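**Student:** Sequences and hints are given; from them, build the entire structure.
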Amino acid sequence: MTVQACGDYAIIGKPVPKKDACIKVTGEAKYADDLFFAGMLHGKLLRSPHPHAKISSIDTSRAEKLSGVRAVITGKDFPGIKYGNTPQTRDYLPLAIDKVRYIGDEVAAVAAIDEEIAEEALDLIRVEYEPLPAVFDAEEAMKPGAPQLHDHAPNNISAETAFEFGDVIEGFAEAGYLQEDLFETQAVKQGMLEPHACIGQWDETGKITLWASKQSPYVVWKQLSMGLGIETSRIRVIQTYVGGGFSGGKQEAMPMDFSAVVLSKRCGRPVKFVHNMDEVLTIGHMRHPMKIWLRTGVKKDGTLLAQHLKIVADGGAYSSIGQLSMYLPGAMLNLPYRVPHVKYEAYRIFTNNGFCGALRGHTIPQVCFARDSQLDLIAEKLGLDPIDIRLKNGLRPGETTPNGFRIGTFGFTECVEKAIEASGWKEKRGKLPRYRGIGMGCGSLVSGARVMGHSASTAQVNVHEDGTVALVTGSTDVGQGADTVLSMIAAEVLGVGLDDIRFALVDTDTTPADPGTFSSRVTFWTGNAVKIAAEDARRQLAEIAAEKLKAQINDIVFRDRQVYVKNDPQRRLRFEELVRLAQHRQGKVIMGKGSYTSGEALIDFRTGYGNMSPAYTPSACVVEVEVDPETGQVTVTGIWGAHDCGFPLNPMLVKGQVLGATVMGIGQALYENLIRIDGKVMNPSFRDYKMPLTEDMPRLANVGHINVVTNDPSGPFGAKEAGEGAAAGVIAAVANAVYNATGVRFKSLPFSPDKILFALKESRREAECGKA
Amino acid sequence: MKHLSPVSLKVNGELYELSIPPWRTLLEVLREDLSLTGTKRSCQEGQCGACTVLLDGRAIYSCLFLAVEAEGKEILTIEGLARSAGALDPIQKAFVETGAVQCGFCTPGLVLAAKSFLDENPAPSEEEVRRATVGHLCRCTGYFQIFEAVLAAARERAGKSAPA
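Read top to bottom, the protein sequences are chains A and B. In terms of our numbering, the first sequence is numbered consecutively and its last residue is 777. In terms of our numbering, the second sequence is numbered consecutively and its last residue is 167.
These aren't lab readings, by the way, just hints derived from the structure by calculation. Remember, it's a predicted structure, so these values are computed and weren't measured experimentally. There's no promise every hint is true.
[Said to hold, decoys possible] Pairwise CB distance ranges (calculated):
no., chain 1, residue 1, chain 2, residue 2, range
1, B, H6, A, K752, 57 to 65 Å
2, A, A475, B, S38, 24 to 32 Å
3, A, D514, B, G49, 36 to 44 Å
4, B, G162, A, R239, 56 to 64 Å
5, A, T515, B, E17, 43 to 51 Å
6, A, P402, B, G60, 54 to 62 Å
[To be verified] Dumping the calculated SDA-like pairs for lysine to any residue here, alpha-carbon to alpha-carbon at most 25 Å:
no., chain 1, residue 1, chain 2, residue 2
7, A, K19, B, R158
8, A, K685, B, F68
9, A, K35, B, A85
10, A, K695, B, G49
11, A, K212, A, Q184
12, A, K436, A, E404
13, A, K35, B, K13
14, A, K695, B, A90
15, A, K35, B, R158
16, A, K695, B, E131
17, A, K35, B, F68
18, A, K35, B, P125
19, A, K35, B, G49
20, A, K695, B, E130
21, A, K35, B, N15
22, A, K695, B, E35
23, A, K35, B, A90
24, A, K35, B, D36
25, A, K593, B, R158
26, A, K593, A, V570
27, A, K433, B, R158
28, A, K35, B, E130
29, A, K35, B, E131
30, A, K35, B, R134
31, A, K685, B, G49
32, A, K695, B, E48
33, A, K35, B, E129
34, B, K13, A, L40
35, A, K35, B, T28
36, A, K695, B, R134
37, A, K35, B, L67
38, A, K35, B, E48
39, B, K13, A, K81
For each residue, glycine too, the CB sits at the ideal point set by N, CA and C.
**Tutor:** Given below as structure tokens:
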């Protein structure tokens, strides 16, 4: 289906530039670190050097006496209330009080007239620690007698999930073949370029304002209220431009945010905090490292019958969004393949490592790596084509999965077929020279999910007399293009230009409450709210136009800044003329509003049953690699992905999302690894934490991205998720391509040169022994 | 009392007479003393390229460069690029139009690196673009639309400078 065939849109479906791109290429866009306020002080945080210790005492007196220091605070300057995402996960303190649990845990904060003095002051704070035994391995931490991190969590179990749909025993009994594998994934960082940054102000009236780089400002707002013990009405969070999110901490209130406002109260001045990159890469919110055990039963023809998945995840020192992180891998075992019997057991374990949370796809890419690697293993054992086994088992629209996901639109087959076609799979597979290979991986994602009490998005469309529109939502653009796509929706409905729409940054005092930017929810959920709000404004205007033009309301058309009668376009008004008519003559200021929620019940993460999302997206990715047998280096020479985004509201932005997500997957597959030894991060810099670089990328001619169009009836103009789903299958695609190139199967991430060299040597040795 | 060094910096065609501690980096002085915050502070160790500015036309990491060493040189920051052209520079325009900008934090540095590179090599191959931008991290785009932008800008510049 072509884009044009999906509707005669004026703006929707066009590859228009991102609205804020102009002020970003000129350097005018203000990120949090770009704000300087009169009298502003600079803050720095003191971090624990111990992975696990009791705090006996903190002496800040010498630091306070340093010239230029204005205040020093510790955990005792806060009310001692733990905060977090859900009642089960409230285990953060703004600053540690009696115990530290990982190297990097915040214990004190300084405000000084400049950053150098603030850093110097940190060295003068005396903290007496009483070191405690520490544990860094999740399985060790589960054993009896292991050091315990939190009083409320016996055996260090942060979250556990177990569910079974169908009967795997029965499924395995029926199976003609069983495959069982253990996979291992590593700690990975979000790697956004903008470090966390904020400015806090506590004014004379007791009003607290935080300007900050946040992807979910309302979460921050609520968490600040929780941790400070102050009602939300006294707190205001103002979002700045965000230099990349990926759930690397910008979705929550952080110790820097609490410290900035409390230091501001002490000093009577605004206080700014900006993390150094070594702090960004050391502190919490990284991808969960996992041990993934997967047993699969299939018929001899490759039909999947049963899967049993067990996961032990190293959660690090704190909960983050614990239970959700553990629910997702099991839930997503139901997608994109049809598996009648599914059993799942998962443990998120506290250790004295930095804590883990979400990262582009949350915990889904890990399980997709395991599942789609294993599918290739099964296909090989049964002499099946790896494509056929995927197509045979792919879910179809209209099915309901064992765990209760209702599948609406779902172009899985098309994704696989398009990726095959674009990559030249049939010409390449089995025909490439030695040490070159091609592989496929597939995945799935949600278009937003109901994961907490408040899940609705809301929009206001304020129409002004010059014919422009102020679009106010609670959603944040983190670079993905929400500003543009949401504005395009409003512009399409009202028949005005994209430039006529102004997109507001979140300010909790004036924008509507919103859950935030996560789970690939913004286009779908806020997009629907914007569409409803714009239609509300259009209806108000159409009533006035119908009266003026002596026509039926339903015959009024809004297009190209004109409002006219269908079938008689000469009877028309300019859009701004109509707005002025409404506002000046009739005293009606046009404001549309709309809210959207999926209407689904909150999932019980313990039983695992229910329809998490209003729409699901499948994706398929083909990767071609070349392996250097001398160095073990893997070079990605081609990537082709197909993704069902429902309908691409802006194909240029969708392409950026899909390719960006794909390259992040390649990073995790081949390069990235946050190395921790006894809880200490050994590579907290962009020099040593290896993210993909330009020269690691394949040539443009070998990069393909295909939108599979399914026009989801519940999405705004047919759209579904685009930002995360494409990342899900990439790691397995790389694993399968490396296997195809070398004949060596890697089940532990990343596929670094040392591992590859060692494995190649082993396989050569085995081959020689076999000959002898 | 901190030791202060006098320094005169020519930034975007304007001369600034400053007294600064000699250990301060060009990045710090541009952002904090001259309020030119388009130059971004990220890794501060010469790995990410977000702080790139042009010094006599050559791209440098301003986080690794002492401000006092820039005395007598022409410094171009992202704020000077658009202004000197009166409108967006073809490179900026290409970044906007090809979708090379997402979060935008790497963008000023990459735009300036591309300018320095295209001034030296007006008709680059894709491979040369890749090599010229290898000192820049972008976590959003996967780089492909950035390559497209630089190549599009090269074509646009060639079109403008070609004889009628």
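**Student:** Each hint needs a verdict: does it hold in this structure or not?
**Tutor:** Here is how each hint holds up against the structure:
Restraint check, H6 (chain B) to K752 (chain A): a C-beta distance of roughly 58 Å satisfies the suggested window 57 to 65 Å. A hinted range of 24 to 32 Å for the beta carbons of A475 (chain A) and S38 (chain B) is consistent with their spacing of about 28 Å. Take D514 (chain A) and G49 (chain B): their Cβ atoms lie about 40 Å apart, and the range 36 to 44 Å holds. A beta carbon spacing of about 57 Å between G162 (chain B) and R239 (chain A) agrees with the range 56 to 64 Å that was offered as a hint.
The hinted window of 43 to 51 Å between T515 (chain A) and E17 (chain B) is violated, with their beta carbons roughly 37 Å apart. The given range of 54 to 62 Å is respected by P402 (chain A) and G60 (chain B), whose C-beta atoms sit roughly 57 Å from each other. At roughly 23 Å between alpha-carbon atoms, K19 (chain A) and R158 (chain B) fall within 25 Å of each other, so this suggested pair holds. Simply put, K685 (chain A) and F68 (chain B) have alpha-carbon atoms about 30 Å apart, too far for the 25 Å limit, and the pair is violated.
Restraint check: the Cα-Cα separation between K35 (chain A) and A85 (chain B) comes to about 17 Å, which is no more than 25 Å; the hinted pair holds. The straight-line distance between the Cα atoms of K695 (chain A) and G49 (chain B) is roughly 14 Å, inside the 25 Å bound, and the hint therefore holds. Proximity of K212 (chain A) to Q184 (chain A) is assessed by CA-CA distance (about 60 Å); at most 25 Å being required, the pair is judged violated. Restraint check for K436 (chain A) and E404 (chain A): not satisfied, since their Cα atoms lie roughly 37 Å apart, outside the 25 Å limit.
Of the supplied pair hints, the one linking K35 (chain A) and K13 (chain B) holds, its CA atoms being roughly 24 Å apart against a limit of 25 Å. For the suggested pair K695 (chain A) and A90 (chain B), the alpha carbons sit about 37 Å apart, so the restraint of at most 25 Å is broken. Taking the CA atoms of K35 (chain A) and R158 (chain B), the gap is near 31 Å; set against the 25 Å cutoff, the hint is violated. Proximity of K695 (chain A) to E131 (chain B) is assessed by CA-CA distance (about 22 Å); at most 25 Å being required, the pair is judged to hold.
For the hint pairing K35 (chain A) with F68 (chain B), the CA-to-CA distance comes to about 24 Å; that is within 25 Å, so the pair holds. In summary, the hint linking K35 (chain A) to P125 (chain B) is not supported, as the alpha carbons are separated by about 32 Å, beyond the 25 Å threshold. For a cut-off of 25 Å, the pair hint linking K35 (chain A) to G49 (chain B) stands: about 22 Å separates their Cα positions. Between K695 (chain A) and E130 (chain B) the alpha-carbon distance is near 21 Å, which keeps this suggested pair within the 25 Å criterion.
Using a Cα cut-off of 25 Å, the hinted pair K35 (chain A) and N15 (chain B) holds, with the two alpha carbons roughly 20 Å apart. The suggested pairing of K695 (chain A) with E35 (chain B) is violated, with an alpha-carbon distance near 30 Å, which exceeds 25 Å. Taking the CA atoms of K35 (chain A) and A90 (chain B), the gap is about 20 Å. The hint holds against a cut of 25 Å. With a CA separation close to 17 Å, the supplied pair K35 (chain A) and D36 (chain B) stays within the 25 Å bound.
Using a Cα cut-off of 25 Å, the hinted pair K593 (chain A) and R158 (chain B) is violated, with the two alpha carbons roughly 51 Å apart. A threshold of 25 Å between alpha carbons decides the hint, and for K593 (chain A) with V570 (chain A) the separation of about 22 Å falls inside it, so the pair holds. For a cut-off of 25 Å, the pair hint linking K433 (chain A) to R158 (chain B) is broken: about 33 Å separates their Cα positions. For a cut-off of 25 Å, the pair hint linking K35 (chain A) to E130 (chain B) is broken: about 33 Å separates their Cα positions.
With a C-alpha separation of about 32 Å, the suggested pair K35 (chain A) and E131 (chain B) falls outside the 25 Å cut-off, and the hint is violated. For the hint linking K35 (chain A) to R134 (chain B), the alpha-carbon distance of about 30 Å lies beyond 25 Å, and the restraint is violated. About 23 Å separates the Cα atoms of K685 (chain A) and G49 (chain B), which keeps this hinted pair within 25 Å; it holds. At most 25 Å may separate the alpha-carbon atoms for a hinted pair to count; K695 (chain A) and E48 (chain B) meet this at roughly 14 Å.
At most 25 Å may separate the alpha-carbon atoms for a hinted pair to count; K35 (chain A) and E129 (chain B) exceed this at roughly 32 Å. Under the criterion of a C-alpha separation no larger than 25 Å, the hint pairing K13 (chain B) with L40 (chain A) is consistent with the structure, at around 24 Å. For the hint linking K35 (chain A) to T28 (chain B), the alpha-carbon distance of about 21 Å falls within 25 Å, and the restraint holds. For a cut-off of 25 Å, the pair hint linking K695 (chain A) to R134 (chain B) stands: about 17 Å separates their Cα positions.
Between the alpha carbons of K35 (chain A) and L67 (chain B) the distance comes to roughly 23 Å, so the proposed pair stays at or under 25 Å and holds. About 22 Å separates the Cα atoms of K35 (chain A) and E48 (chain B), which keeps this hinted pair within 25 Å; it holds. Of the pairs offered as hints, the one joining K13 (chain B) and K81 (chain A) is violated, with about 49 Å between alpha carbons and a cut-off of 25 Å exceeded.
Hint compliance for this structure: hints 5, 8, 11, 12, 14, 15, 18, 22, 25, 27, 28, 29, 30, 33 and 39 are not met, and every other hint is.
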